[in-house]
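> Listed below are the residues making up each chain.
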Amino acid sequence: MKKIDLSKYGIIFAWIMLVIVFSVFEPAFLKSSNIFNILRQVSIVGVCSVGMTFVILTGGMDLSVGSVIGMSTVAGALLLSNGIPIPLVFVLILLMGAAAGLFNGFFINEVGIAPIIMTLGTMTALRGVAFLLCGGFPVYGIPESFLMIGQGYLGVVPVPVILMVIVFGVGYVLLNKLPFGRSVYGIGGNTEAARLSGVNVKAVLYKVYILAGVLYALAGLILMARVNSGQAKSGEGYEMDVITGCVLGGISISGGEGRITGVVIGVLLMGTLSNGMVLMDVSEYWQKVVKGLVLILAVTLDKLVQRRQSVKA
Amino acid sequence: MEKHILELKNIKKVFPGVCALDGVSLAFRPGEIHAIAGENGAGKSTFIKIITGAIQPTEGQIFFEGEEICSNSPIVSMKHGITAIYQEFNLFPSLTAAENIFFGRIPKKNGMVDYRKMYQDAEVLLKQLGVSISAQARVSSLSVGYQQIIEIARAVSCHAKVLIMDEPSAPLTDNETRRLFEIVERLKKDGITIIYISHRMEEIFRLCDRVSVFRDGKYIRTMEVKDTSADELIQIMVNRELGEQYPKKEYQRGKKVLEIRGLNTALLKDIHLEAYEGEILGLAGLVGAGRTEIARALFGADRIKSGVFLIDGEEVSIHKTMDAIRAGIGLIPEDRKRQGVFLRESIRHNISFAHFKGIMKGPFLSEKLDAKAASSYIESLGIKTPSAEQTAGNLSGGNQQKVVLAKWLFTDSRILIFDEPTRGIDVGAKQEIYRLMLELIDRGKVVIMISSEMPELIGMADRIVVLHEGQISGTLEKDAFTQENIMTLASGMPLQTGSEEEH
Chain B
1 MKKIDLSKYG
11 IIFAWIMLVI
21 VFSVFEPAFL
31 KSSNIFNILR
41 QVSIVGVCSV
51 GMTFVILTGG
61 MDLSVGSVIG
71 MSTVAGALLL
81 SNGIPIPLVF
91 VLILLMGAAA
101 GLFNGFFINE
111 VGIAPIIMTL
121 GTMTALRGVA
131 FLLCGGFPVY
141 GIPESFLMIG
151 QGYLGVVPVP
161 VILMVIVFGV
171 GYVLLNKLPF
181 GRSVYGIGGN
191 TEAARLSGVN
201 VKAVLYKVYI
211 LAGVLYALAG
221 LILMARVNSG
231 QAKSGEGYEM
241 DVITGCVLGG
251 ISISGGEGRI
261 TGVVIGVLLM
271 GTLSNGMVLM
281 DVSEYWQKVV
291 KGLVLILAVT
301 LDKLVQRRQS
311 VKA
Chain C
1 MEKHILELKN
11 IKKVFPGVCA
21 LDGVSLAFRP
31 GEIHAIAGEN
41 GAGKSTFIKI
51 ITGAIQPTEG
61 QIFFEGEEIC
71 SNSPIVSMKH
81 GITAIYQEFN
91 LFPSLTAAEN
101 IFFGRIPKKN
111 GMVDYRKMYQ
121 DAEVLLKQLG
131 VSISAQARVS
141 SLSVGYQQII
151 EIARAVSCHA
161 KVLIMDEPSA
171 PLTDNETRRL
181 FEIVERLKKD
191 GITIIYISHR
201 MEEIFRLCDR
211 VSVFRDGKYI
221 RTMEVKDTSA
231 DELIQIMVNR
241 ELGEQYPKKE
251 YQRGKKVLEI
261 RGLNTALLKD
271 IHLEAYEGEI
281 LGLAGLVGAG
291 RTEIARALFG
301 ADRIKSGVFL
311 IDGEEVSIHK
321 TMDAIRAGIG
331 LIPEDRKRQG
341 VFLRESIRHN
351 ISFAHFKGIM
361 KGPFLSEKLD
371 AKAASSYIES
381 LGIKTPSAEQ
391 TAGNLSGGNQ
401 QKVVLAKWLF
411 TDSRILIFDE
421 PTRGIDVGAK
431 QEIYRLMLEL
441 IDRGKVVIMI
451 SSEMPELIGM
461 ADRIVVLHEG
471 QISGTLEKDA
481 FTQENIMTLA
491 SGMPLQTGSE
501 EEH
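Protein chains in written order, with my numbering: chain B, 1 to 313; chain C, 1 to 503.
Hints were generated in silico from the structure; no laboratory data involved.
For each residue, glycine too, the CB sits at the ideal point set by N, CA and C.
Among the hints, erroneous ones may be present.
As the list claims (entries may be wrong) - Below are the PhoX-like pairs computed for lysine-lysine, each with C-alpha atoms no more than 20 angstroms apart in a straight line:
#  : chain 1 : residue 1 : chain 2 : residue 2
1  : B       : LYS207    : B       : LYS177
2  : C       : LYS127    : C       : LYS189
3  : C       : LYS361    : C       : LYS320
4  : C       : LYS357    : C       : LYS372
5  : C       : LYS248    : B       : LYS177
6  : C       : LYS305    : C       : LYS320
7  : B       : LYS177    : C       : LYS384
8  : B       : LYS202    : C       : LYS320
9  : C       : LYS248    : C       : LYS430
10 : C       : LYS430    : C       : LYS384
11 : C       : LYS3      : C       : LYS255
12 : B       : LYS207    : C       : LYS320
13 : C       : LYS337    : B       : LYS177
14 : C       : LYS9      : C       : LYS218
15 : B       : LYS177    : C       : LYS305
16 : C       : LYS248    : C       : LYS3
17 : C       : LYS248    : C       : LYS108
18 : C       : LYS337    : C       : LYS372
Unchecked claim - Listed next, the stretches of chain C that the computed footprint assigns to chain B, with coverage defined by at least 3 CB atoms under 8 angstroms from CB atoms of chain B:
#  : stretch
19 : 317 to 325
20 : 341 to 352
21 : 356 to 367
What the hints assert, rightly or not - Sample of chain C residues with no beta-carbon within 12 angstroms of chain B, all distances over it, derived:
#  : residue
22 : GLY31
23 : ASN175
24 : PRO247
25 : ASP370
26 : ASP442
27 : ARG443
28 : GLN471
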């Protein structure tokens, strides 16, 4: 029992260790400006990771995250630069994200395509859509007032950070306080038992993929406001950071296990790692090597814990 | 002394807690078709696995052509020419018939696969068996019957001397079965010994030379088929003392609660059923006869072709499991680990999983109400656990079963379907489950009990409906409860006495 508890909190120890190491080697690391910097940097990945958490908890996978972000920044920038009112743009872009999720959910549910393959398809196709929308050129002309959600502050706290906190809060409530969350865990843990307990498995999966799509679109809007343009390439490679954040946070890739509070730490750990490596002038190439290895390490730990549990059972 | 091709002496196999085979000695003559008969759980499968070396006996010796086989394994037994065809085929669906037949022994020429020789050899072999399957056909495109023949062809090509077939006719149509019999007889003419496991009396009498009966892990006796009858065989298969392991009770049939009219599914044909308040209705039949299918259809888990469900005389439409749960039905499924419990969730999450409404406080789930509900069931059902937070995977089988039951009690189900409720749980826990079932009917619930263990059905049920190949072959009232009657109906034969109710 004690060992499993250790693995639950292991991620926090790992994160604290990382913070200590970076602050020893790089005094600028612990400055409050840098801490908010880290938080702001992780906010987009953080918002996406909530959606991904739901997907992985059901035993699924969603690689389309980066492409939905790219499509949202381009479409959002186009709409805004053509003078469409901000609230309407918000609604339209979130609906677009929902549509992407519905599309994934439809083929996963009704055709039975494995989620990883289905979303590999949408990842490529939606990236193509993003490029088609703008012809490959950055879209400018975003009204000043919109940039707030990417660049603004509420007091000392960056707005994206506040949005991330809200999204994590909503995710926490959905997963822990509402029947929906129990169904999500149930489906990931034992689909057949969930079905035989009256859960409408398809309906839950639809909702999960749609929710994920909406959150990716929201992340796209934040990113667009931050870089003040819509770019078809934006969000590329985000699936790596988002999935790693979830897995580091203890979300079991086989579904049904893991807490969203762990994902908060997982995402922070990835952000801290990136930020620290940049401060320490680690080359971009080495950063990729480290991030990739961290993902493998996290999954290895997950497997080891599972093996120990199955030996017990 | 007569010459035996295969002889087993004093085989004993003990699994943790169970003695699956107890001192079995049996010898097979060359070129005979030898049936092994017995109820579910009599030890037939364990016996086969010991012959093929898939499991090791705790005690005993195996002799092949007079020589002892030491340290048996599937590879060793295959080298001696012993092959088994299990109910689950060991085929590669995406490979061709010929590749499957010669898998692991594919003919080569200059280090490359000699396709021409492989396909020619396979064609010859299939022709010998009297079937016209193309050697180049993909196995996945073949019917179950032909797939089985591919398995047989593989065995023959390995120069099998002993071929074990486990319920080979179970998945086959009548025509396929007839063809199978022709092939088996042809193999016999070629001097191959066939060990034929079957439940079906007519097959044993049509095909086999001798029959050996197993009961409760013990070898009972071997007879020449021509010297016995189906009735005698059934009598020997089931004859045993019913102990005092079932709690006593009085049967008071209440009002009719459930009625199923004209239920048809892919397997079931025109099922009519009634269940009454305060009774335990038993569903008997061989594996695959359609018992679980009735439960799943009633529970909205499988699609039905036609049929009407009535509860308290009113028609209820059940298309999905939620409809059944709302109608007050709960299913404790046969495969507890795959279909019943959430092994990685806590006991309390398991119990409230089908009834979130019961633990809501305003718009949110209340952990407190959840824990309260769980602890009341932990107490009333006697679930042995340190706390409601315990992961269900850490519980014993009997306690997991109680957790699943608690889930349905929490939804306030009136009709509880127990599918093989005591499979894989120990004797003490079995008795607790029986006691709980009686408590349930005392509280006016309807219990439907599916079981392969006939003594359990006889001990617990108030009425038993027996199924055979998707149809009800008879209903037994308490005074007609005998294992012989159940087995006769389950084999699809009519009862000789007049205790059968017509439907």
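> Can we confirm that no CB of chain B comes within 12 angstroms of the CB of C/ASP370?
About 10 angstroms separates C/ASP370 from the closest Cβ of chain B, which leaves it inside 12 angstroms; violated.
> Should the label of C/GLY31 as a non-interface residue stand, given a Cβ cut-off of 12 angstroms to chain B?
46 angstroms, holds
> Given the proposed pairing of C/LYS248 with C/LYS108, does the C-alpha separation stay at or below 20 angstroms?
Violated, at about 69 angstroms.
> For the pair supplied as a hint, C/LYS3 and C/LYS255, is the alpha-carbon distance within the 20 angstroms limit?
64 angstroms, violated
> Within 20 angstroms, alpha carbon to alpha carbon, are C/LYS337 and B/LYS177?
26 angstroms, violated
> Could you grab the alpha-carbon distance between C/LYS361 and C/LYS320 and see if it respects the 20 angstroms cut-off?
Distance ~27 angstroms between C/LYS361 and C/LYS320 Cα, so the pair is violated.
> Holds or violated: are the alpha carbons of C/LYS127 and C/LYS189 at most 20 angstroms from each other?
Holds, because 16 angstroms separates the two Cα atoms, which is no more than 20 angstroms.
> Taking only the CA atoms, is the gap from B/LYS207 to B/LYS177 under or equal to 20 angstroms?
17 angstroms, holds
> Between the alpha carbons of C/LYS248 and C/LYS430, is the straight-line distance 20 angstroms or under?
15 angstroms, holds
> Under 8 angstroms between beta-carbons, do enough residues of the stretch 356 to 367 of chain C, three at least, approach chain B for the coverage claim to hold?
holds (count 5)
> Given the hint that B/LYS177 pairs with C/LYS384, does the C-alpha gap stay at or below 20 angstroms?
28 angstroms, violated
> Between C/LYS430 and C/LYS384, is the straight-line Cα distance small enough, at 20 angstroms or below?
14 angstroms, holds
The structure is inconsistent with the numbered hints 3, 5, 7, 11, 13, 15, 16, 17, 18 and 25, although it conforms to all the rest.
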